[in-house]
Structures are given as C-alpha cells and as structure tokens.
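Undergrad: Listed here are the chains, written in short residue letters.
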Amino acid sequence: MATSTPAPPEAQPGTASPTQRRRRNRDHLIGWAYAAPTAAFVAVFFVLPTLLVFRMSVSDWSLFAGDRGLNFPTNFTDALDDRLFWPAVRFTLTYTVVTTVILIALALGLAMLVQESSRWTSVLRTSFLLPSALGLASASLLFYALYSPQASPIPGLLRLLGFDVGTISFLGTPTSALISTVVLIVWRFAGFYMLLLLVGLQGIPGEVYEAARMDGARRWQIFWQITVPLLKSSLALCTILCVTGSLLAFDQFYILTKGGPDNSTVTLVQLVYNTAFGGQNDLGRAAALSIVVLAALLVINVVQFRGLRGKED
Amino acid sequence: MSYNWTGRLRGTLAAVAATGLVLGLAACGGGGGASASQSATVTSPEGTDDGATLTLWTRAPLELQAKALVEAYNSSHENQVELTVVPNDDYVTKVGAAAGSGGLPDLFAADIVYTPNWTSQGLFKDITTNIDALPEADTINQGHLSAGTYEDAEYVLPFVLDLSVMMWNKDLYREAGLDPEKGPTTVEEFKEQALAVQGLNKADTYGTYFGGNCGGCNVFTWFPMVWASGEDVMNEDGTESLLNSDTAQQVYATWNELNTAGAIAPGAQDETGATWTAGFQNGQVGVMPYPATLLSTVSKTVDVGVAPIPGVDGGGSTFIGGDGIGISKDSTQSDQAWNFLSWLMSDEAQVDVLAANGTTPSRSDLADNQYSQADPRLATINEIASAADSKTPYAPNFQTAFNAAGSPWLTLIRDQVYGTPDAAKLETDNDAITAALAG
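Chains A and B supply the protein sequences, listed in that same order. 457 is the number that the working numbering gives the last residue of the first sequence; the numbers go up by one with no jumps. 1194 is the number that the working numbering gives the last residue of the second sequence; the numbers go up by one with no jumps.
Please note: incorrect hints may appear among the correct ones.
Restraint ranges, calculated between C-beta atoms of paired labels, are given here [to be verified]:
| # | chain 1 | residue 1 | chain 2 | residue 2 | range |
| --- | --- | --- | --- | --- | --- |
| 1 | B | D1102 | A | V186 | 54 to 64 Å |
| 2 | A | D308 | B | G954 | 14 to 24 Å |
| 3 | A | F367 | B | D1177 | 50 to 60 Å |
| 4 | A | D308 | B | E1103 | 52 to 62 Å |
It should be emphasised that the hints constitute simulated quantities derived from the structure, not laboratory data. For each residue, glycine too, the CB sits at the ideal point set by N, CA and C.
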C-alpha cells in the first residue's frame, strides 16, 4: 500500500499554468473577502482604539479640553505617583487571589455535586446557574439592598433564628467590605464556573474511574490523581477567566462601596475611572494607567498560558 | 450645531476606546480642544421663538422640575425643547464625551459646584449681555450667577435651586418631649434634640443620620453650619481650604459625639449617598440636614418641620446647590436657546412651574408667592435662599477636593467623626484638600 501521494502539479512552484494561477489568485481573493469583515471589525474595534489609548497615554488629554499635546512620560510617572496607585494594586491583587481561590474551589465542589444524574440534579444545576443570568450591576444593586443596615432582612432573619447580632456593618470596614463583595461575586459566578467544570468532568471517561476503583484507590486519591489532572484544561480556563475578571473588577465596587471605606476598596480600574471622570478629568493619565493594567494582564495571562502549555507538554 | 468632522472622528474613536479596550474606561472624549468662549448675544431680549427644536440635557435628580419646565415652555411656545435626562453618575462622562466631539446639546444644565470648572473649559457661550438686559437681572440668585461667572463673563443662569435645610420629625419630637414646632437654632441644640429622640430607645428609630461615605452629602449639609457661624470653608478663589478652623472642629466634634452616643442611624459609616434620605423619609430619624427639594416627597410620610441649618452659636444658612444652565458652545441656535432661558427667568416659570412644584424660585423678588403663603415651610426655605450667610461655594477643582469618591474631604470627615479628634491629623487632611483645590 502506498504511504505517500505525489504532489498535485499546481502545488509545484513555477509550474502552474496561467489558468491555475488565475484560479489560485481568485481563491486567495475569496479567502480575503471572507476574512475582510472580521479583519475590519478587529481593526476598528480593537486595533484603532488600542492605538488611540496609547496616543492618549502620552498626551496631555483632558476630558473637556481634548488633546493639548504630547507630554511623555508625565502621565506614567504621575500615575505611579498617585497616592492611591499602590494601595489599589495591593487591593486588586488581594481581591483576585481571594476570589479566585474561593470561586474555583466552590465551583469544583458544586460541579462534582451535580455530576451524577439523580432526581434532584436538574433542580440543583439550575439553581446554581441561575445567578449567572443576572447582570453584575443588577446583582450588585440587589446585594446593596441586602447589605443596607436600614433595609437588609439579614439581621432580622438572624434574630429570628435566635442570634443576637446587634448592628451588622456589611460594608463599614475594609475587611467586611472585601468579604461582602467576595460573597456577591461567588454567588454571581460560582454557577457559571461550575458549568465549565461540569463539561470537563463529563469528558473524563468512566472507565478511568472504574479502573482506579478496581485498583483499590480511595476517593481522595481518585480526586487528586485522576479528576484534577484530567480536569486541568478546564481548571486553567476557569482560572484565567477568574483572574482576568478579578483584575478588572469595577462594577461591584463602584456600586457597593464607591472605593470606601477610606479608599480601602479602590481597584485599579476604579482608579482609572476616577482619574478620567472623578474630578481630575484627566484622560491622558487614565489612559496611562490603562496601559499599565493592560501590560500587567498580558504578563499574567502569558505566564498562565505558558504554565498550562508546559504541563500539557 | 456645527460639526467638526475630524473632531467628531477622534471623539468617536475615543468613545470606542472607552468601551473597546480591555478596561473600557479610559477614554470617552478628546478632540478639538477647548474652544474660545463665544458670545451668544441675541437679536432681541426675548430671543427667537420660530419653531426651532432645541435639545436640553439635565441630570436625573432634577427630572421632576426639568420635565415641568419643558412641558410648560413647549405648550406656550413655537420652539420645542427635547429633554434628555441622564443618570447622575453618568452626567460628567456624557458631557465630557460630547464636549470633546462637538456634540453638546443646545442647552445643558450643570451641577452648580462644577460650573466654575466647566465655564473655564469653554463649554458654555458667553451670555453676559443677555443676562444684563433682563429686567429682573438684579433679583436673580447671586450664588448661581457668581458660580457661572468666569473672567468677568457670565455663562449660566440658575436652572433649579436645591437648598439644604434642617428637617425634623414632629411626631418623634412630641414623643421625646420636644417642642414639635421648634427646630434646632444652634449646633448644640441639634445634638441635644437628636440625643433626645435617640433616648426614646424606640426600635429602628435614631436621633440623626448623615452620609459617612459621601463627600457631596456633607458639603451640602455641613458647610452651612460653618457659614451660619460667620466663617468660610475656603478662600475666595477656592484654592485654599479653611476646614481646620475652630468652628469647623466644633461641627466635627458634634457629629463625633453623636456617633459615640450611638445616635446616628446604622449604615452612616458606609453610606455612599444612595440611601442617604431613606431613613428620615421612613420616619426612622429624628432630625437631620436634608434637601429642601424633597419636602413635598417626605411630607407624604412624615410630619416635617423645617428650619435653616444653624451655626455653632446661632444664625442660619443653606447651601444653594442645584444646577445652573447655559447655552452650549456647540449650539447654532443661540437666539432660540436664549428664548428658553429668558422665559426660565419669567414669573410664569418661576412661580407657576417651580414654586408650584415646591421648588424655591431663583429670583428673590418672587420668594413671597401664593405657594409659600400657603405653606410656611416653603416661605422659610425661600427666605433662607436669600440670607446673607447662604452660599454657593466656588472652586474650580471642587469635584476632586470634595465630591469625588475617596476625596480628601471625605478622609477628613471620617477621621474626625470615626477616629479620635486629632489636631495634627486635621491639619494634614486640610492640607490635602488645599492641594486638591490647587489642582
């Protein structure tokens, strides 16, 4: 049996006939025509804005007065000198780590809980996923009411259960504000990540588990030596999404805390927003901050992808 | 409106950048740069009423008054005004993006404390000649006119006045053994009355409330306590903070004592302003400085008393807030836009529309009107607006120093109310406000 096929004549350079060349050119044109709408979309909605933000970041660009000329590297040095920059970096990283760890662990637990089909599986899956259908801003407003000392039903419920809770300040201290926001985010996103992990779990062949059990593996061993390794791609995807989303956190803090109390929950993106629209109206410095965040995100994502690829290799 | 194509393209790209790039927040405007102030001198004192369509932007808190004004104008004029109400938090962004791309409406209102900044950026047309020609020019609220004056040129007229006053719940006062017809006349009395209500030990009922995480709430309600004491909060140019004075410290100390006594309703420490007025409206708060424009709303649920905001040793003052309105730099219908503005200053608009809706007229000669005669509380509010110690603060960088989330003013308040009063800390915080005011 032949193991190779002779190359078609048109594939050999320099030997194509004019007709074949015309056909090839036409095919190229058709290919470009198919790609053009996407290329134009990317150019208009990604490349151009990115270039513009780079341009803004090196300009004295006011919200009201527009572009007043180049001023590199003033925007960058001013951004790094901002009294809230380093606190915002620390808080954003803390929030990212806390959220990612809790969210992924909980989502994995939920996914394993509803992995097997049973009588209540559909109800549980739907219940866990339901918060994901709510917009983040809407969810934040809902939790704002839940956390409001004047309107919250939570203290009343706790009292009904016999707990003497006194006055609870959900957003009044830096720690409680962080915890309260993490609770919101976990509630809102756990179902979504559960779904991603559930797809990964269901892609693991049952025979693997069966073989492990026949070999006498315990539940914990099966989890660490079979489930986790075979779920690595799904876990990596969830981690990348969660880290990126957390580093770009804005809506929840803008609605729940406005960066308070005492500027303890100012995230990097909120700092960008405040710089652009919060009184300073300095689009140039806000763009410089955006570039810094973009660079940090690129580095973190590249590291994550490399780690993933290295392990897969 | 005149359109600058390249300016619009750059503005559009900036707006795309704002949503398209990874942060989606960095850009929203940009373009042609601040235009030089243009004069909107019109052909007649009343402007032109020829059936033009005018666009008008205002922010959501003034929706009630803005709609009433526009409906009254549209029903009596050939010109027609199309009103756009923008959420409060989005207003600066929207105006900034439009200013950068030459897309401002014919008329737009601005929070009066931001007006000095916006006039200096060239967002409005110079209407000095038109204002001076108004027969009622001398009676128009001076605080708003001053805030809208930049380099001796006038750019805005008062749109809607929003005053801060002391309000108290008469039912709770009766229960606490206080005179329900007599509100506090000094800061000390305010504290005593709040403590008396707190002393009822009634479930879900508290002495007072304030926005502990809301800078804007407290410029609106605390500055008048300093003004009523005969002092000021900033220098005349709005570049130096005077919020470390003995008088100011007594104001902070009062709130600190109320907090220590547990007389401030829970939630004040993390109150961003979103639910600032809810507790009083629900009848759960005894006495607090409150927006006068909400009198008609709060009266539906609470029997309310109204008085000027007192100073440390008496006196009375208010923060004359609200919005000023002007003709935008991008409008090509100045004559028609002025027709709306000149009508806005008329008896018809001020009394039949604004006063009828419980809003203080912008003209002092109309403070005594049929509506204030029917409700002494409205009369009190109108009188406060004209009081010598009632002011609209002027500072080009007001937003950064006071209203912005995490402003140095907010830091000062929280240090003084929730921390241990500390003179050195006060000086540091006051210096930070001065630095922000200086830009």
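Undergrad: For every hint, state whether the structure bears it out.
TA: Evaluated hints:
Range check, D1102/B to V186/A: Cβ separation about 60 Å, and the 54 to 64 Å hint holds. Range check, D308/A to G954/B: about 22 Å between beta-carbon atoms, so the 14 to 24 Å window is met. Checked against the hint of 50 to 60 Å, the pair F367/A and D1177/B passes, with Cβ atoms roughly 54 Å apart. Checked against the hint of 52 to 62 Å, the C-beta distance between D308/A and E1103/B comes to roughly 60 Å, which is consistent with it.
Of the numbered hints stated above, none is contradicted by the structure.
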